[in-house]
Amino acid sequence: MILAFLAAIGRGVREFVVSLGFGTRTFFAVLGASGGLLRRLRLVTDQIHFIGNYSLVIIGVSGLFVGFVLGLQGYYTLNKYGSEQALGLLVALSLTRELGPVVTALLFAGRAGTSLTAEIGLMKAGEQLAAMEMMAVNPLQRVLAPRFWAGVIAMPILAAIFSAVGIIGGYIVGVLLIGVDEGAFWSQMQAGVDVWADVANGVIKSIVFGIAVTFIALYQGYEAKPTPEGVARATTRTVVIGSLTVLALDFLLTALMFNK
Amino acid sequence: MQRKSLDVWVGLFVVLGAAALLFLALKAGNMSSLSFGKTYDVTARFDNIGGLKPGAPVKSAGVVVGRVDNIGLNGKTFQAEVRLKMQSGYAFPKDSSAKILTSGLLGEQYIGLEPGGDTNNLAAGDRITMTQSAIVLENLISQFLFSKAAEGKEEQKQ
Amino acid sequence: MPNLVEIRDLHFAYGDRPILSGLEMDFPRGKVIAVMGGSGSGKTTILRLIGGQLAPSRGSIAVNGAAIDFDDTPALYRMRRNMGMLFQHGALFTDLTVFENVAFPLREHSDLPDELLRDLVLMKLQAVGLRNAAQLKPAEISGGMARRVALARAVALDPQLIMYDEPFAGLDPISMGVTANLIRRLNDALGSTSILVSHDVHESFSIADYVYFLSQGRIVAHGTPQQMQASDDPYVKQFVHAEADGPVPFHYPGRSLAEDLGLGARS
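Protein chains in written order, with the working numbering: chain A, 87 to 346; chain B, 1421 to 1578; chain C, 168 to 434.
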């Protein structure tokens, strides 16, 4: 009984390591297959449209609401110490350092990630990828690589939009609705937010998250079982594995970057 | 054709992202105060720099006139040697004094520059001779206790 | 070299489940060869092996006199430029129009100017009777039409070898007749060799020059369609005459009915 349990754990670990290894090999294969994309930029830009533009609404609206909440909650907390003038600083730092990259990545995994996984999984189920191979076209280069680079490019753009809209949201709630001094809001923010330490680090984070989430979504679709059930399971895995990876990477990157 | 309109949307998307980034950098961040102008180097020695960090501002009359570039320990005098990058637009007399001050009660530490009366100005590579170290809280407390104890003894003698 | 493809002593297994054992097959140039057998006999696997998508555990496949090296990916890709494959349900790219689907191999493998490409694609669509459907999407056409578009795509580069995976499955009688007709005509017009995997006896026999019968991974009979019609082999007879029971049993193997109902002798 216990032996069976231990054997199951061993099997699970081995499968995890094997899939990690296979995933890494596929990752480098996709990178290697990307060279030819320089001549076929159309493929990448088309994908940026499907991945980026179609996510604008959810990212923009979410950013606005997160900004609203930050403004509200921030005011309540700072008011206790008489420091409500620092609201702008609080909202801006929270967004550019953490919430912008992380929340955008989580929303991206849910919206764009699942759509990528489903698309690739269904292409696999419909034998489209095999047909491409038989026509001597490498599906890694023609299908996976453009979507990968589109995701990597779109993510930092979406994160920047999220942060910017969030700051505006915080301004609307804090200054326009509650009445925090407008000058203090912006000046404290400008004095405290450093372009390189905060904004740039946030951008680097979102690029790393973009690489991770996009590749996980593509990989799950590529390795999905070619049945309806298989594709459904793959999309769930994209969200779960993608979200957990983003949070783990966030901890790693924060520890590396913000340790003055 | 459908392809051309896709390109337009993608272009708009990228422009929107760039605008957001610029907004963050300029309106939210301190990029506008980053000066890419010319600077000259000046050094100053302190017994104790307290919590001064590289990148801290150098202010005179509250206005930022430079940045702390580098902090090291002088092996012979065992004093902290601080290199300051001063903005070329501002010239200070050779006998100016540098103090390490704290912004607010618990804020970051910075260097306050008080101009002296010398007719010659600090040039690149010069050293500010009059410096005042940072106030270390423990020393302050022990000084206070010591002076209180001394007062007590004097009262006893009298 | 009379044979375009030669298979010698081919063995293939999925893990430890043997699928094919000891296959010896010749596919002469310019002919239509049918590979037939029940479901699960390994027919589609043969096509995958010839196309290099799967590697055999033992044996060799030679195309145009040269043995396939299954590890050399660039060589496999070069070989595939001379092959066209029609997948079971068409496998059209659902995000492209009919025109773009047929144009795909031409765009990927040649540098033709747009006007020439357009003319070529329209001619291929004309050959399968779907020129006026060029601007439709795969979701807007019927299954039979999708199959024909896939056929046009498979022959876009005028390949030497065309492979068909169950081209008649799920078609109405008219579409079946049309498809069979197209397979034969295209083969003769292009001077190619066609390998047809199917279990439709009537249509396949009407166009094939030679037939191979597979059962459980082995070749049980081969010959011309006329020879197969007249054959005495029990498996061939069961297949050709659509008999319910014979060498391929009706009942799933296992315990007898008497045992299951508890009527057998108790031990």
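Treat the hints as calculated values from the structure; they're not laboratory data. For every residue, glycine included, the Cβ atom is placed at its ideal position computed from N, Cα and C. It is possible that some hints are incorrect.
Pairwise CB distance ranges, derived in the manner of DEER restraints [as the list claims (entries may be wrong)]:
| no. | chain 1 | residue 1 | chain 2 | residue 2 | range |
| --- | --- | --- | --- | --- | --- |
| 1 | B | SER1425 | C | ARG245 | 31 to 39 Å |
| 2 | A | TYR140 | B | LEU1557 | 53 to 61 Å |
| 3 | A | ALA115 | C | ARG422 | 44 to 52 Å |
| 4 | C | SER224 | A | TYR140 | 41 to 49 Å |
| 5 | C | ALA234 | A | VAL143 | 35 to 43 Å |
| 6 | A | ALA115 | B | VAL1483 | 28 to 36 Å |
Heads up, simulated DSS-like pairs for lysine-lysine below, C-alpha to C-alpha not over 30 Å straight-line [claimed, not checked]:
| no. | chain 1 | residue 1 | chain 2 | residue 2 |
| --- | --- | --- | --- | --- |
| 7 | B | LYS1447 | A | LYS166 |
| 8 | B | LYS1458 | B | LYS1519 |
| 9 | C | LYS304 | B | LYS1424 |
| 10 | B | LYS1447 | B | LYS1458 |
| 11 | B | LYS1424 | B | LYS1479 |
| 12 | B | LYS1424 | B | LYS1447 |
| 13 | A | LYS311 | C | LYS198 |
| 14 | B | LYS1458 | B | LYS1424 |
| 15 | B | LYS1424 | B | LYS1473 |
Enumerated hints in conflict with the structure, sorted upward: Those not satisfied are hints 5, 6, 11, 12, 13, 14, 15.
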